[in-house]
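Colleague: Given next are the chains, with one letter for each unit.
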Amino acid sequence: MSNETETPKEHPMAADDNFGFHHREGLPTGEHYKLSPEEEAARKKRNIALAWSLLGFMAIVFVVTVVRIGQNSAGAL
Amino acid sequence: MNQSTNDSVHRAEGGAVSTASPRDYFDLLKPRVMTLVVFTAFAGLIAAPVDVDPLLAFISIAALAVGAGAAGALNMAYDADIDATMKRTQKRPVPRGAVSVSDAYGMGVVASILSVLVMALAANYLAAGLLAFSIFFYAVIYTMILKRSTPQNIVIGGAAGAFPPMIGWVVATGEISLDAVILFMIIFLWTPPHSWALALYKSGDYAAAGVPMMPVAKGAKSTRLQILLYSIVMVVFAGAPVLTGLGGVVYGVTALGGGALFMLLAWRIFRSRAGEAGSAEEADLYAVRAGDKAARDLFAYSIGYLAVLFAALIAEHAFGAYIVVPGVSA
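Protein sequence lines, in the order shown, are assigned to chains A and B.
Its first residue numbered 1, the first sequence is counted upward by one per residue in our numbering.
Its first residue numbered 1, the second sequence is counted upward by one per residue in our numbering.
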């Protein structure tokens, strides 16, 4: 069965457009997109900024909750 | 691709992953506009006759700032095509290619929702509703409908920028009173002469982008007349806080002096041939051709005028500078 050893023909754009997944079946092709150093550095900065933003949002919700509970407790007394 | 089959690595041409920095995303929020939004909202909050928990007040103003920024991000996403043709806006993150249109939309929508949510938690539902409406008004009514269709775009759309002091007031009081409406109206009436002064010396930019700003649609002469008329109405109306007792002597003197200079500059524009020298080619906001200096002067001054007017209110209500105007009940 010589057909089994042949490399299956890929769509010419499959490698570029599907980020390591077969363009039709959606299965991994074993290929990976490697980030350039600039892309990696930029992504890291964005991730850190996003993490701080989420942390800030959590802190805001926490602070508002605490202040509101304090106000309501004072009002109940 | 041989490279990809050999080492299981490939790189999409031109890069498939963004190299945008957090700064690019921050710029989507129009930080300079945010500064004025925060300042006027703070003035509304301070001038209101109700004390608010300082922490909740701070968080509410921050939510308002983010909401205004979110509206700016949505504006930049939708206007990417015209921003790319206008020299003044070509360096914005989307036309520059730093941030994609879909990312700008995504950030705008997420920031809008979170800002309204935080406003509802920290202040009240009315303030949150007004914030949501102002974002909708700016992003949809102004940006998507009015801006490209009528020379009255900034007259009606100016309402979006007039909401911050009213929202600040509502954060404190939980209701819309006459004074809140007066603060809204001052910015609403201030917007046309401010925006048209800029449009007079950047009309080429707007014409190239197909935006029917007043000088493009009706000509420079008509625009100069309308700047003068709106300036008269705005300067007179800026005295209204004195009549209701919202503004004291400091505010009254500021409104009088500042308004007189505003009128002088508006008169200079009316008497000039501003807008007829051709548009300034430079990208710089204040770059201007010789005949258009009067327009540039009013544009620059109008920002300071509004800031000083609201600073007077802050000084009176936050720093004890309030002196009742004789004959007016505070």
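Hints were generated in silico from the structure; no laboratory data involved.
Errors might be hidden in some of the hints.
DSS-like mimics (lysine-lysine), calculated; alpha carbons at most 27 Å apart, straight line [to be verified]:
#1 Lys-44/A x Lys-91/B
#2 Lys-91/B x Lys-45/A
#3 Lys-44/A x Lys-87/B
#4 Lys-45/A x Lys-221/B
#5 Lys-293/B x Lys-30/B
#6 Lys-221/B x Lys-30/B
Distance ranges between label pairs, derived from CB positions [to be verified]:
#7 Gln-71/A x Phe-26/B: 30 to 36 Å
#8 Glu-38/A x Thr-85/B: 26 to 32 Å
#9 Gly-56/A x Val-33/B: 17 to 23 Å
#10 Gly-75/A x Ala-307/B: 34 to 40 Å
#11 Ser-73/A x Pro-326/B: 41 to 47 Å
#12 Ala-59/A x Val-324/B: 37 to 43 Å
#13 Thr-85/B x Phe-57/A: 35 to 41 Å
#14 Gly-75/A x Phe-26/B: 37 to 43 Å
With the Cβ distance kept under 10 Å, some of the chain A side facing chain B (calculated, not the full set) [said to hold, decoys possible]:
#15 Leu-27
#16 Tyr-33
#17 Ser-36
#18 Lys-45
#19 Arg-46
#20 Ile-48
#21 Trp-52
#22 Leu-55
#23 Phe-57
#24 Ile-60
#25 Val-61
#26 Arg-68
#27 Ile-69
#28 Asn-72
#29 Ser-73
Cβ coordinates follow ideal geometry from the N, Cα and C atoms, glycine included.
Colleague: Could you run down the list of hints and mark each one as holding or not?
Modeller: Going through the hints against the structure:
For the suggested pair Lys-44/A and Lys-91/B, the alpha carbons sit about 24 Å apart, so the restraint of at most 27 Å is met. With a C-alpha separation of about 21 Å, the suggested pair Lys-91/B and Lys-45/A falls inside the 27 Å cut-off, and the hint holds. The hinted pair formed by Lys-44/A and Lys-87/B fails the criterion: a straight-line CA distance of about 32 Å is larger than 27 Å. Straight-line distance between C-alpha atoms of Lys-45/A and Lys-221/B comes to about 50 Å, which puts the hinted pair past the 27 Å bound.
The hinted pair formed by Lys-293/B and Lys-30/B meets the criterion: a straight-line CA distance of about 26 Å does not exceed 27 Å. The straight-line distance between the Cα atoms of Lys-221/B and Lys-30/B is roughly 31 Å, outside the 27 Å bound, and the hint therefore fails. Separation of Gln-71/A from Phe-26/B is about 33 Å and conforms to the stated range, judged on CB atoms against 30 to 36 Å. About 28 Å separates the C-beta atoms of Glu-38/A and Thr-85/B, a value consistent with the hinted range of 26 to 32 Å.
Here the CB-CB span from Gly-56/A to Val-33/B is close to 21 Å, well matched to the stated 17 to 23 Å. One distance hint, 34 to 40 Å for the beta-carbon pair Gly-75/A and Ala-307/B, holds here, with the actual separation near 38 Å. In this structure the hint that Ser-73/A and Pro-326/B lie 41 to 47 Å apart at CB holds, the actual value being about 45 Å. Against the hinted window of 37 to 43 Å, the Cβ-Cβ separation of Ala-59/A and Val-324/B comes to about 42 Å, which satisfies the hint.
Separated by about 36 Å at the C-beta atoms, Thr-85/B and Phe-57/A satisfy the suggested range of 35 to 41 Å. At roughly 39 Å, the beta-carbon separation of Gly-75/A and Phe-26/B lies within the given 37 to 43 Å, and the hint holds. The beta carbon of Leu-27/A comes no nearer than 15 Å to any beta carbon in chain B, farther than 10 Å, and the hint placing it at the interface is violated. The criterion of a C-beta within 10 Å of any C-beta in chain B is met by Tyr-33/A, whose closest approach is roughly 6 Å, and the hint holds.
Given the 10 Å rule on beta carbons, the hint for Ser-36/A holds: about 7 Å separates it from the nearest Cβ of chain B. With a least beta-carbon distance of about 6 Å to chain B, the hint placing Lys-45/A at the interface is held under the 10 Å criterion. The closest approach between the C-beta of Arg-46/A and any C-beta of chain B is roughly 6 Å, which is under the 10 Å cut-off, so the hint is satisfied. Interface restraint check: Ile-48/A against chain B, minimum CB-CB distance 8 Å, threshold 10 Å, status holds.
Interface hint at Trp-52/A: satisfied, since its Cβ lies 9 Å from the closest Cβ of chain B, which is below the 10 Å cut-off. Because the smallest distance between the Cβ of Leu-55/A and any Cβ of chain B comes to about 13 Å, over 10 Å, the interface hint for this residue is violated. Proximity of Phe-57/A to chain B holds as hinted, the smallest CB-CB distance being about 6 Å (cut-off 10 Å). Of the supplied interface hints, the one on Ile-60/A holds, with its beta-carbon coming within about 6 Å of a beta-carbon of chain B, less than 10 Å.
The restraint placing Val-61/A at the interface with chain B holds, with a minimum CB-CB distance near 7 Å, inside the 10 Å limit. Interface restraint check for Arg-68/A: the shortest CB-CB distance to chain B comes to about 8 Å, inside 10 Å, so the restraint holds. With 10 Å as the threshold, the beta carbon of Ile-69/A stays out of range of chain B, its nearest partner Cβ sitting at about 12 Å, so the hint is violated. Interface hint status for Asn-72/A: violated, as the beta-carbon distance to the closest one in chain B is roughly 12 Å, over 10 Å.
Contact between Ser-73/A and chain B, as hinted, is not supported at the beta carbon level, the nearest pair being about 14 Å apart and thus beyond 10 Å.
Of the numbered hints listed earlier, those contradicted by the structure are 3, 4, 6, 15, 22, 27, 28 and 29.
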